[in-house]
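Note that the protein sequences, when read in sequence, are chains A and B.
Numbering of the first sequence is given in this note's numbering, commencing with residue 1 and proceeding in unit increments.
Numbering of the second sequence is given in this note's numbering, commencing with residue 1001 and proceeding in unit increments.
Think of the hints as simulated: they come from the structure by calculation, not from any bench.
Just so you know, these numbers come straight off a predicted model, no measurement behind them.
Please note that the accuracy of each hint is not assured.
To be verified - Now the in silico label distances, taken between C-beta atoms and shown as ranges:
id	chain 1	residue 1	chain 2	residue 2	range
1	A	Asp-69	B	Glu-1225	52 to 62 angstroms
2	A	Asp-159	B	Leu-1191	24 to 34 angstroms
3	B	Val-1173	A	Gly-46	19 to 29 angstroms
4	B	Ile-1210	A	Ser-166	20 to 30 angstroms
5	B	Glu-1225	A	Lys-138	43 to 53 angstroms
6	A	Ala-104	B	Pro-1047	35 to 45 angstroms
7	A	Lys-101	B	Gln-1075	48 to 58 angstroms
8	B	Glu-1225	A	Ser-166	21 to 31 angstroms
9	A	Arg-86	B	Val-1037	46 to 56 angstroms
10	A	Glu-197	B	Ile-1214	19 to 29 angstroms
11	A	Gln-209	B	Tyr-1221	47 to 57 angstroms
12	B	Ile-1038	A	Glu-156	16 to 26 angstroms
13	B	Ile-1019	A	His-222	54 to 64 angstroms
14	B	Gly-1056	A	Arg-142	24 to 34 angstroms
From the three backbone atoms N, C-alpha and C, an ideal C-beta is built for every residue, glycine too.
Below, each chain spelled out in residue letters.
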Amino acid sequence: MVKQFTGGVHKDGIFSAASLLKLTGLALEITVTKAIELHSLARRYGAVCVLRDINLTVSAGKTVVLWGDNGAGKTTLLKVLATKLRPSRGRGSVFGFDLNKEAAQVRKRLAYLNVFGGVYGTLTALENLELAATFYQKPLSREQLVESLAAVGLFEARDKLARTFSSGMKKRLGLARLLLAEAELWLLDEPYAALDESGKGLIDRLLAQAKESGRTVIMASHDLERSLNVADSVLHIEQGRLYTGTAAAKAAPLGLAHG
Amino acid sequence: MAELTFVFTIARKDLLQEIRSKAVTVATLFFSGIVLVILAFAIGPTPAALANAAPGGLWVALAFAGVISAAQSYQTELEDSAFEQLLLYPIPRATIFLGKLLANWLFMTLLGLLMLPLMVLLFGAVLEQNLLWLLLTILLGTLGFALIATFYAALTANLRARESLLPVLMFPVVVPVLLASVRATGEIVRLGNLVSSQDWLKLLLGFDLIYFVICTAIFSYVVEE
């Protein structure tokens, strides 16, 4: 089945669609790269089961929106995918790398945006970004980092301490860090939260660019109407269970039905 | 070599944050100074008794200050979920531990050096003799203490009762380091006995090596949820 190939990273090495075709000299059938595969995955916090029997396959390049009530398990699922939390049961992989056994490899392929931005208040915006550039091993000059801040609307605030920022500005700083990573997989926890209209527009543009560049995006969002503009599929989480069928039924009135 | 860069970057970040906030510096300096003054006052004016108590006073002050320092180094990480982000960077998690350890160690060593003039002033300790050996003792003692404190502070960082649990959990483990540090300091300051102090310093070095290997190796499991 030939559908789409965006290039990707496998355990056997790094290759791209172009290099593969060059090697074979023929346009052969290429299978779809699986960005995420979860099988019977569960996660508990003590006695409380937050995720139950999650089965999910996401192809590379797709944008998937998770929605559900507060406490339904959206953030927990994102944190499990990010290797912040270990699954209590079941197994999963990201780009073929096991979430438990190859967590370090998984982390090399993802960028995570948490609700609060994940920034250091006693560092300036620029210092926060310098820190991220070091950890992502991107040798960028100060000018390039300032450009990155300007791209998310933080040029004026580049030398201000992040503790003086509003929640929206912290989120923008988190976005600048996300872009710096140039990761294959974006995990976004409530990306629209705390942002003003221009900030939400920025997220829309970044998501559109991510789709164009073949990036896989999983995002938890309450702003379903907005998310539907970029989503390839919507998954509904309710009490730790993932419902694709329910999502189709619930999303249908909003203009998207996806099984 | 990238790992070394990560370690120094994390240590630099922690120290820069402390220089800006001064939260730990003010608290620990004040606390350590008060401990030494109260202790000297309680012991009384007898020079011999004061000289005997000087090593204990120094390490009591450093130990309590070290707990505050280690706990605070994770407290700043928890604001705005920065620690969560730090754990998700594509860097070996051991480098996070080593970076925070380096920052805590440097801070404690600096604090130890600042306590030395107070020891002279309040306890009448004579430090000019064998000052290098005393500095070595402070370096090794604070390293051992910082190792345990940094490790257990990570372990308790996400717990609600972390402030009370941290000393309860770490002090039984750190006792050998403190005992060896007090005895080595006593041998150097009080008796000027370098041969005997070397035995304690070797023991201290042994503890440091063991704790270094164990804490670095299992840190990634400790921060895993």
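Here is what the structure says about each hint:
| no. | hint | in the structure |
| --- | --- | --- |
| 1 | Asp-69(A) x Glu-1225(B): 52 to 62 angstroms | violated (23 angstroms) |
| 2 | Asp-159(A) x Leu-1191(B): 24 to 34 angstroms | violated (54 angstroms) |
| 3 | Val-1173(B) x Gly-46(A): 19 to 29 angstroms | holds (26 angstroms) |
| 4 | Ile-1210(B) x Ser-166(A): 20 to 30 angstroms | violated (48 angstroms) |
| 5 | Glu-1225(B) x Lys-138(A): 43 to 53 angstroms | violated (28 angstroms) |
| 6 | Ala-104(A) x Pro-1047(B): 35 to 45 angstroms | violated (58 angstroms) |
| 7 | Lys-101(A) x Gln-1075(B): 48 to 58 angstroms | violated (32 angstroms) |
| 8 | Glu-1225(B) x Ser-166(A): 21 to 31 angstroms | holds (29 angstroms) |
| 9 | Arg-86(A) x Val-1037(B): 46 to 56 angstroms | holds (49 angstroms) |
| 10 | Glu-197(A) x Ile-1214(B): 19 to 29 angstroms | violated (53 angstroms) |
| 11 | Gln-209(A) x Tyr-1221(B): 47 to 57 angstroms | violated (38 angstroms) |
| 12 | Ile-1038(B) x Glu-156(A): 16 to 26 angstroms | violated (50 angstroms) |
| 13 | Ile-1019(B) x His-222(A): 54 to 64 angstroms | violated (40 angstroms) |
| 14 | Gly-1056(B) x Arg-142(A): 24 to 34 angstroms | violated (50 angstroms) |
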